[in-house]
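Taken in sequence, the protein lines are chains S and Z.
Using the numbering used here, the first residue of the first sequence is number 1, and each one after it goes up by one.
Using the numbering used here, the first residue of the second sequence is number 1, and each one after it goes up by one.
If you're looking for bench data, these hints aren't it; they were derived computationally from the structure.
We treat Cβ as the ideally placed atom computed from N, Cα and C, and that holds for glycine.
Please note: incorrect hints may appear among the correct ones.
What the hints assert, rightly or not - Examples of chain S residues lying across from chain Z (beta carbon under 7 Å, computed): (1) LEU50; (2) ARG57; (3) HIS58; (4) GLY68; (5) PHE70; (6) THR71; (7) THR189; (8) TYR217; (9) PRO221; (10) ASN224; (11) TYR225; (12) PRO234; (13) ALA392; (14) HIS400; (15) ARG407; (16) PHE410.
As the list claims (entries may be wrong) - SDA-like cross-link-like pairs, simulated, lysine to any residue; straight-line CA separation at most 20 Å: (17) S:LYS260 <-> Z:ASP125; (18) S:LYS401 <-> Z:LYS39; (19) S:LYS131 <-> S:ASP144; (20) S:LYS258 <-> Z:GLY56; (21) S:LYS401 <-> Z:GLU113; (22) Z:LYS39 <-> Z:PHE54; (23) S:LYS401 <-> Z:LEU106.
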Amino acid sequence: MGIIKKRFDAVVVGSGAGGSAAAWRLSSQGLRVLVLEAGPKFDPNRDYKLDQPDWERHMFPDLPGSRGLFTIDTLDPLDPKEQELRSWGRASGIRVRGPRREPNGPAYWHVQGIGGSTLHFAGESHRMHPKAMQLQSKYGAGHDWPVTYADLEPYYTTCEQLVGVAGPANQGARWRSKPYPLPPHPLSTPAQRLVAAGKELGMNWQANSRAALSKPYDGRPACNYCANCTRGCPLGDKGSADVTYIPKGLSSGQVTLKSKCPVVRIFPESNGRIKAINYLENGQLQLVETPILIMAAGVVQTPRLLLTNKHLSHPDGLANSSGQVGRNLMETLFWSSTGFLPGLNNSHMGLPTDAICWDFNAPDSIPDTVGGCRFISAAQEIGFTGPIAYAARAIGGFGHKLKQAVRDSFGSAISVSAIGEFIPNDGTFVDLDPQETDGFGIPLPRLHSHLEPGEIKRLRFMARKSRRLLQEAGVEHLVEEYGAWDFFSTTHTFGTCRMGEDPTTSVIDANCRSHDHPNLYITDASIFPSSGGGESPSLTIQALATRAADVIAGGKPLRPSVPS
Amino acid sequence: MLPMHRRLFLKTAGAFLLWRSLNPIPAQAASTPTPIERKTFAAFLNVLIPADEFTGSATDLQVDKKLWELSESDRNLRRLIEVGCRWLNLTGGPPFTELTSEQQLLVVEWMSESDWNQVPRRFYDLIREAAIQHYYSDPASWNGLGINRPPQPFGYPPPWA
């Protein structure tokens, strides 16, 4: 076993939104930081295929080691009464033919690699709705955050400036102390139609706030609107961590970054402090001591590492005296409806998720259930950007009719997607698989998922509202619908190491520090007490991580902002 | 009307062949396609994607060749093509390649609406998907769509209306 002799002030596990933001912030205050990333480094020129003729066959690349291993427990049976929530496509027919929910694709969508899941995110840059952070005290459901919107506001601003977020001047309840650094992006043709249809229905649509550059910024080029952010951005205009926090941290000279270095063991001292960790580098076990350990390996791998590191003093795993590590998993409650709109052209061009409606985002805005949702224009994000998607998913049949229908419809897809609040429940969590292990004999994480009636209600609301919008826009026949009722497919995933004030019911405190280990911090989406009403998590992860870094480096965070 | 031989084959062997076609098969050298298989598969692909005034057929764009290449390293695909082609030729009359265009259309139409759990439908669905993936990956198929290049490196600068 090798022993790393160089001393670091902190070791960060994971280089996604939370790990990279924490490392940058610590390095900017003079701390020496080692970042250990389990996955590989992606090369956009080599790995992203958007300039190839067969680009549409390639989703975000799956390199060796770029996905963490996990298993999924048996999913919920499907209630035949909820047929209106089935996923289907005009080409495929009903998507789930069995009696239970099924995983779709990798099911838990994430990336292990330098930049983490920001590499494949669309790049929505959202602040939490202030009310969504007080779910228990105001609405009697879920959990409260131990920090407020005002506490996070200065960090939201800091991160938006660093990434180069483009957004509108006003987002209602999400008050701001400083404008977005860049103006909003122009709306694509389907987004324009949804804005108009929403107006007829009394819905307020606006430009979405996006971590994609509407103008050149900080040495990076402006977006050229190829419409395929989730396949990997070769330009570098998308604000993924590999082109923002990581180069900033490295340029300080204070950050050492290692890829393909999974952490396997964490060693606590008898007083609870973390003393050292083991990680693998080129197959060799390395030991590094650290005064500060920051876990940012994601919602599944962070709890897995904590749960597998059992010690005499911590028989249930690290940071787990509350028994809450792995609990409170919150998955993506999603819906999308798509149709073809005669007369609509070029809907395969523009920025994905460019328009959004926040009207139903507050926790009390959907009738008879706690928890909100948001709607977006989604034709590009869900993949209607090339002819394969049209022919394989949305147009049935074969022969001359198929070919002509592809020509007639190409560029006319219009989609509405919605993501809603997921209230934690006892049936949705991460634990260790009792049988499956990785190549080192370490148990794999196992995901459990269950939808409560409240989730079904929100899904029904999301589906009906999406269909109504498309109808108002002029769509006569839908061609595809896809949702969480019959598919387990989570892109925005939260919980499992919840933050809170009470050490008996939460894993970390308001500053992201473990209640059990004074030098252990967690800065990924596992710490979210609630999911929000569809907000994308990356900006909030970054804000929490930079705030935690300030506490580590200077003892206290920035002063909360005051609404003007 | 579906030929009775196909119905009989479907009834007696379909479930077994489906199971074989969808479950992992131990690695071994893929069998070389026979000339009859190649002709049958090409004809089937060209019913799925025929030539027209804008663009060529599936075989014009070498979709058959690409799928055969794939099948060399994918035993399940090789087995699926083998089973599907055998079914297509179980007419008791002329093989699929010698049916008239109208008869070929009728056969494929029937396949597209048949039982999802049986060989003809699975063969139709899976090969249709694979053929579409490879056909529309070739820029020669884009004529008439309003696109002539991949999304990058130039993107789609506005205006878009």
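Going through the hints against the structure:
| no. | hint | result |
| --- | --- | --- |
| 1 | LEU50 | 4 Å, holds |
| 2 | ARG57 | 6 Å, holds |
| 3 | HIS58 | 10 Å, violated |
| 4 | GLY68 | 24 Å, violated |
| 5 | PHE70 | 21 Å, violated |
| 6 | THR71 | 19 Å, violated |
| 7 | THR189 | 5 Å, holds |
| 8 | TYR217 | 17 Å, violated |
| 9 | PRO221 | 10 Å, violated |
| 10 | ASN224 | 3 Å, holds |
| 11 | TYR225 | 5 Å, holds |
| 12 | PRO234 | 6 Å, holds |
| 13 | ALA392 | 5 Å, holds |
| 14 | HIS400 | 6 Å, holds |
| 15 | ARG407 | 5 Å, holds |
| 16 | PHE410 | 5 Å, holds |
| 17 | S:LYS260 <-> Z:ASP125 | 39 Å, violated |
| 18 | S:LYS401 <-> Z:LYS39 | 23 Å, violated |
| 19 | S:LYS131 <-> S:ASP144 | 10 Å, holds |
| 20 | S:LYS258 <-> Z:GLY56 | 50 Å, violated |
| 21 | S:LYS401 <-> Z:GLU113 | 16 Å, holds |
| 22 | Z:LYS39 <-> Z:PHE54 | 24 Å, violated |
| 23 | S:LYS401 <-> Z:LEU106 | 14 Å, holds |
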